[in-house]
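Listed below, chain by chain, are the residues.
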Amino acid sequence: MGARAPRRRPGGDPALTPETVQDQPAAGPVAGDTSPSPAAGGALAPPGVASAVSPQSQAILFPTREQYHDVMAAYRDGGFALLADLTAVDYLTHHGRTLPDTVAPERFELAVVLLSISRSERVRLRVQVPETDPVLASVWDLYRGAEAMEREVFDMFGVVFEGHPDLTRILMPEDWEGHPLRKDYGVGRVPVQFKEAPGPR
Amino acid sequence: MSARQRAATTSTPAERPGAPRGAGPGGEGHDTGGEALVAETFEGSQELHPRADTSPDELAREVGSVLRLPEGHVVDASDLDVERPDDETMIINMGPQHPSTHGVLRLMMELDGETVLRTKPIIGYLHTGMEKTGEELTFQQGATNVTRMDYLSPLNNELVFSLATEQLLGIELPPRAVWIRMLLSELQRVSSHLMWLATNGMDVGSTTMMIFGFRERELVLAFFEKTTGVRMNHNFIRPGGTAADLPDGWEDDVEVILDNVTGRLFDYDELLTGQPIFRERMEGVGSLSADEALALSATGPILRSTGIAWDLRRAQPYLAYDQVDFDVIIGTYGDNFDRYAIRLNEIRESVRILRQVLEKMPRGDYRVQDKKVTPPPRARIDESMEALIHHFKIFTEGYKVPEGEVYVAVESPRGELGCYLVSDGSSKPYRLHIRAPSFVNLQSLPVMMHGGLVADAVATISSVDPVMGEVDR
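Just so you know, the protein sequences line up as chains A and B, in that order. So the first sequence is numbered by our numbering: it starts at 1 and just counts up by one. So the second sequence is numbered by our numbering: it starts at 1001 and just counts up by one.
Next up, chain A with everything else stripped away, as it sits in the complex (with noise of 0.2 Å):
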């Protein structure tokens, strides 16, 4: 019935632990983790992408929307096998955020980490969408974790991306109308409905 077959340990031996591992992150041999390069983050990156050291001294990326995609399965092929955190920044009232000269400021913004085991390094990544055709490519096919994400961020301010396979509301109400994460979407502006609840009195 296609039922995988459990993976029974060798022997009965009662035991428990599992193996300690006395130093040192480096990871076991793990597939789809080894990198070729033990390069620098942002030499992964294809030329022409505008890059950045924040303050805090965590490297950044600045694709536009076109590059996005190329430049994470870049990373990912460059030993950046887990997409740490995926959301999203609407800067509707906030004018004066630090960017490279490159990059113009758009309304929505991306915010991507992604960490490399092996290599124990971080990046983070930050793609301009702009507000009247807030589109983006999906990078499930890439990182199957981004699932989850990727829906959180349509749901809270209505980004689309392209190529998802269930691009719909996560955590609000399917019928709810609006992305409450907006800047333009007021605290207690609307009263809560629920489906079906009686109406008021």
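Among these hints, one or two may not hold up.
[As the list claims (entries may be wrong)] In silico EDC-like links for lysine to aspartate or glutamate, alpha-carbon gap of 20 Å or less:
#  : chain 1 : residue 1 : chain 2 : residue 2
1  : B       : LYS1120   : A       : ASP70
2  : A       : LYS183    : B       : GLU1403
3  : B       : LYS1372   : B       : GLU1359
4  : A       : LYS183    : B       : GLU1386
5  : B       : LYS1120   : A       : ASP184
6  : B       : LYS1372   : B       : GLU1172
7  : B       : LYS1428   : B       : GLU1397
8  : B       : LYS1428   : B       : ASP1248
9  : B       : LYS1400   : B       : GLU1088
10 : B       : LYS1132   : A       : ASP184
11 : B       : LYS1360   : B       : GLU1386
12 : A       : LYS183    : B       : ASP1424
13 : B       : LYS1132   : A       : GLU177
14 : B       : LYS1393   : B       : ASP1382
15 : B       : LYS1428   : B       : GLU1403
16 : B       : LYS1428   : A       : ASP184
17 : B       : LYS1132   : A       : GLU174
18 : A       : LYS183    : B       : GLU1172
19 : B       : LYS1120   : A       : GLU177
Simulated from the structure, these hints should not be mistaken for lab results. Note that this is a predicted model, so its numbers are computed, not measured.
Add chain B to chain A, keeping to what the hints say.
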């Protein structure tokens, strides 16, 4: 318009005699057509659609095609053995108020007999917009908000928020504040894992374990109450240090907790670890490979159970974790038993860290003496008008945090707990995003459950250790 609405209106030809019914007592649904039962419940359309309405991509996920395949090996979704007529499987709903789903988690499962094929976690039942609320509270008040997310390890939430704020402020903490935070964070890990052992025991039918786990957790919570004033939602770790110093005699209290917990861990070993029935239920169940775990962004005990030694305390040390000795516990098989053994042994490692903290706890101030962030001491307020104004200003307006954005992560008992904080230079965060480990880890549940029995589902859900407050935020 959406796939969801489409499914509600598409007719599914097959009649499904055993199909479940969303509403009303069972029994009378047997002769109704499958369409009405599967496509529509009283809640609206179903979240998991019949096979006929599901895209091949989505179906392919059922057989673990989450693996990142090398170029040229890309599997054609139509080649996969996921062809099953709709009338041989059945879609059932579990939760959101099922006692074993650890809160309001709802699962839609497609079953073939008793074998689970597809699972879709449906979340959002506890969504209260805490990230939005965070934008309305000052940095000073922020910790009260984030502490309510992961209610089983609130101190870690406060910790990650405080670390992020401090990075933006660019302030350095006095050593005692750092070590107090480490003490509390490790005690929290002990209490959280004890709670997990308790609920996991309950889920596989060991009521004794539940009582044991809660009993020991109570010791830790009593210490928290003595230190912070409350058992949960402490708001104790704040940007700039902690709210207060440790109470007198805290060394003895911690000593008692450590001795008690250490001794009783052996009871757990006796009760569960070597017990054939327990092992039979846990071994080989819900297994996940290292590749799958990485692809699904799983962190914490789930990632470590697959054999990857990734622990932020070791790999990217924060606080003073680089000054204490401890081991990173990893598993081999990525199954429920590994996750159990990892959590059990992480308690031992935490105890080890705590003993070193007891030894090395430095003297000094428990918060940074930076006038900008720290309110003046109570005694000064009676004497000095300036101090009074300063105090008033901090508590009404809060302090301003320089413009910038930062991502900080710590190892919570559930995995990587991240905080993405954007400041526009005012006293409130412009954007506060919490990377909740439970939220991301839930994605690996369908892969763990596929091919297993529905009877093991509860044990597998438990081994993911989701905290719904954190999932939905």
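Now the hints, each set against the structure:
For the hint pairing B/LYS1120 with A/ASP70, the CA-to-CA distance comes to about 29 Å; that exceeds 20 Å, so the pair is violated. About 18 Å separates the Cα atoms of A/LYS183 and B/GLU1403, which keeps this hinted pair within 20 Å; it holds. About 32 Å separates the Cα atoms of B/LYS1372 and B/GLU1359, which puts this hinted pair outside 20 Å; it is violated. Taken as a hint, the A/LYS183 and B/GLU1386 pair is broken in the structure, with Cα atoms around 37 Å apart against an allowance of 20 Å.
About 32 Å separates the Cα atoms of B/LYS1120 and A/ASP184, which puts this hinted pair outside 20 Å; it is violated. At most 20 Å may separate the alpha-carbon atoms for a hinted pair to count; B/LYS1372 and B/GLU1172 meet this at roughly 13 Å. Only pairs whose Cα atoms come within 20 Å are accepted, and B/LYS1428 paired with B/GLU1397 is accepted, the gap being roughly 9 Å. Using a Cα cut-off of 20 Å, the hinted pair B/LYS1428 and B/ASP1248 is violated, with the two alpha carbons roughly 35 Å apart.
Taking the CA atoms of B/LYS1400 and B/GLU1088, the gap is near 62 Å; set against the 20 Å cutoff, the hint is violated. A distance of roughly 12 Å separates the Cα atoms of B/LYS1132 and A/ASP184; the hinted pair therefore holds under the 20 Å criterion. In summary, the hint linking B/LYS1360 to B/GLU1386 is not supported, as the alpha carbons are separated by about 37 Å, beyond the 20 Å threshold. Proposed proximity of A/LYS183 and B/ASP1424 is supported: the alpha carbons are some 13 Å apart, at most 20 Å.
With a CA separation close to 16 Å, the supplied pair B/LYS1132 and A/GLU177 stays within the 20 Å bound. In summary, the hint linking B/LYS1393 to B/ASP1382 is supported, as the alpha carbons are separated by about 16 Å, within the 20 Å threshold. A C-alpha spacing of about 11 Å is found between B/LYS1428 and B/GLU1403, which places the hinted pair at or below 20 Å, so the restraint holds. The straight-line distance between the Cα atoms of B/LYS1428 and A/ASP184 is roughly 17 Å, inside the 20 Å bound, and the hint therefore holds.
Note on B/LYS1132 and A/GLU174: the hinted pairing holds, with a Cα-Cα distance of about 19 Å set against a maximum of 20 Å. For the hint linking A/LYS183 to B/GLU1172, the alpha-carbon distance of about 32 Å lies beyond 20 Å, and the restraint is violated. Between B/LYS1120 and A/GLU177 the alpha-carbon distance is near 24 Å, which puts this suggested pair outside the 20 Å criterion.
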